[in-house]
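Enquirer: Residue-level listing of the chains:
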Amino acid sequence: MTFPATPDITLPLRRGARLGRYSLWHVRDYALNRGLPTLIVALLFGYLGVSAMLMQLGSPAGTPAYLIRQYGSVEAARTAARHALSAGFVGTFIGTYAFLAALIAMNGIVSNDRKLGFYRFLFTKPVTPAAYYGAEFLVNGACVLVLTVLLALLYGAIIEPVLTVSLLIVVAAGYLCYAGLGFALSALSRWDWLSLVAVAGAADILWRLYGESTSPLAVLLRLLPPLHRTSELYAAAAHGMALPWQSVLWLAGYGAIAFAAGLAILRQRRLAFN
Amino acid sequence: MFGLAGPNGAGKSTLIALMLGFLGPTAGAVRIHGLAPRRFVEQHGIGYLSELVNIPPAWKVHQALHRYALLAGVSANQLHSRVARSIAWLGLEEHRSKRVRQLSKGNLQRLGLAQALLHDESVVVLDEPTHGLDPVWTQRFRDIVQDLRRPDRIILIASHNLDELARLADRVAILDHGRLQRVVEVRAGDAPARERAPYRLVVARGAHIVTEVFPRAKLIGRDEYQVTDATVEEINAGVAKLLARGALIGAMHPLHSALEAQFREAVAGGATSEESR
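Protein sequences, first through last, are from chains P and S. For the first sequence, the tail end lands on 274 under the working numbering, and the numbers increase by one without skipping. For the second sequence, the tail end lands on 1277 under the working numbering, and the numbers increase by one without skipping.
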């Protein structure tokens, strides 16, 4: 048997179409390797928060009298208490979830293929690393939003509905901020997840300490993710208030710039470690 | 078909990494059809088998080939048939649903070769292609590579196995210490008739007359001699004399191929002329 037995008489797929079809494999990879761990971690965090919340709410008989007086009935008092507890929990959960979802979605996205040598067969095909990993980044982001919808629906079925466009926008902005940075770090270094944790931790501390500083050196803080803007954003989404769009744009803009930097690194940098 | 030979650490794999654009040159430039390597690869693709076959271990064999075929640009309506043919061609039918981590070294090598040959690339680079293959599949590989020959296709094979290169390649570049030592025209004819080389001679009958005919022959085993420094003409004349005197020849062949002789000379000599740099 010789190969190829018949000539390839049809036109080959164009690069965009190829990557478009390959995105289905990215979806599968996300679901198996990243989505499942994200779901497990989110459910664990959610369970801890929700069970504590349900304990705090207690039984209808245990509803404080001042709340019943304030809201007019036991049911209304319990609904208000549930809403207050839920908003507090959701506000905290969004931050943790956006960070962990980005951390898991970006962990080794480029660096693993470089470390383990998987890039060799991938990138002797007519495809650029920037396009391949860029597509994976976008697919992972879309999958995180789908996962967010599922988790929000589950939460809504147990506690109270939380799925709103604002919630998705805030999760998307938070995710983009962390994931864009994670992507750039993965393109740059083999210690991507560790670097992401370190940079996020450093940003959180430094913004708190020097966010109001008037020193010229404080300009350097702009290189770090704008995590000082996350609290108001998460709180707004949790309490159903109007979104502070400037903060949304800061987070999304930072993530987009970091992602673009990651793509530029992939275009310039050699794939093999010397 | 171009061979690349050299001892361990000579720079064969580094040269290939440069050709594929996985590494950048510290000096000079690499061009394939006038394009920088990455540009060429990203526009046309290269059929490539690396020395170490690195495929995500959780992927199944047929899924891995589907993915690579898709990225290689195999047309949508040929994807399934091309993958099926590759699997059949490389004898991977019984392993098609196995995960990569379950494959033996030889089967993994065959999967690596299958992905390299999925698409009709005009440049094929095979780095130690028979590494881990059993003798049957080593021979099968040679047949496969012969089938790949085409006037508009360049096939580059890097190997430690000089015998393999001598069988397959038209020319072989010998590298050592990161430098090109020489290029040997393998197909231009083996050792010239007047060139002296050692030969191995095995006689089934008449061992006692071997040293009379070949005075420089040394006994190296039972009925086995090494005839040193003989030309092809002297060997033929000597064999004729042996047969005439009633001897029976079991085997007669050069101890080293012409390529091996050149390799030994190039590597031992460590030629480092400015031209080769």
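What the hints contain is simulated information worked out from the structure, not anything from laboratory work. Don't take every hint at face value.
Said to hold, decoys possible - In silico EDC-like links for lysine to aspartate or glutamate, alpha-carbon gap of 20 Å or less:
(1) S:K1105 <-> S:D1134
(2) S:K1241 <-> S:E1212
(3) S:K1105 <-> S:D1120
(4) S:K1060 <-> S:E1094
(5) S:K1218 <-> S:E1234
(6) S:K1060 <-> P:E212
(7) P:K115 <-> S:E1185
(8) S:K1098 <-> P:E232
(9) S:K1241 <-> S:E1260
Enquirer: None of the hints should be skipped; say for each whether it holds.
Expert: These are the hints, each one checked on the structure:
1. S:K1105 <-> S:D1134: OK: S:K1105 and S:D1134 at ~10 Å, within 20 Å.
2. S:K1241 <-> S:E1212: 10 Å, holds
3. S:K1105 <-> S:D1120: Since the Cα atoms of S:K1105 and S:D1120 sit roughly 26 Å apart, the hinted pair is violated (cutoff 20 Å).
4. S:K1060 <-> S:E1094: 12 Å, holds
5. S:K1218 <-> S:E1234: 16 Å, holds
6. S:K1060 <-> P:E212: Not OK: S:K1060 and P:E212 at ~54 Å, beyond 20 Å, violated.
7. P:K115 <-> S:E1185: Status violated; Cα separation ~38 Å.
8. S:K1098 <-> P:E232: Roughly 50 Å between the alpha carbons, so the hint for S:K1098 and P:E232 is violated.
9. S:K1241 <-> S:E1260: Not satisfied, since the Cα-Cα distance of roughly 29 Å exceeds 20 Å.
When the structure is compared with the earlier hints, violations turn up for hints 3, 6, 7, 8 and 9 and for no others.
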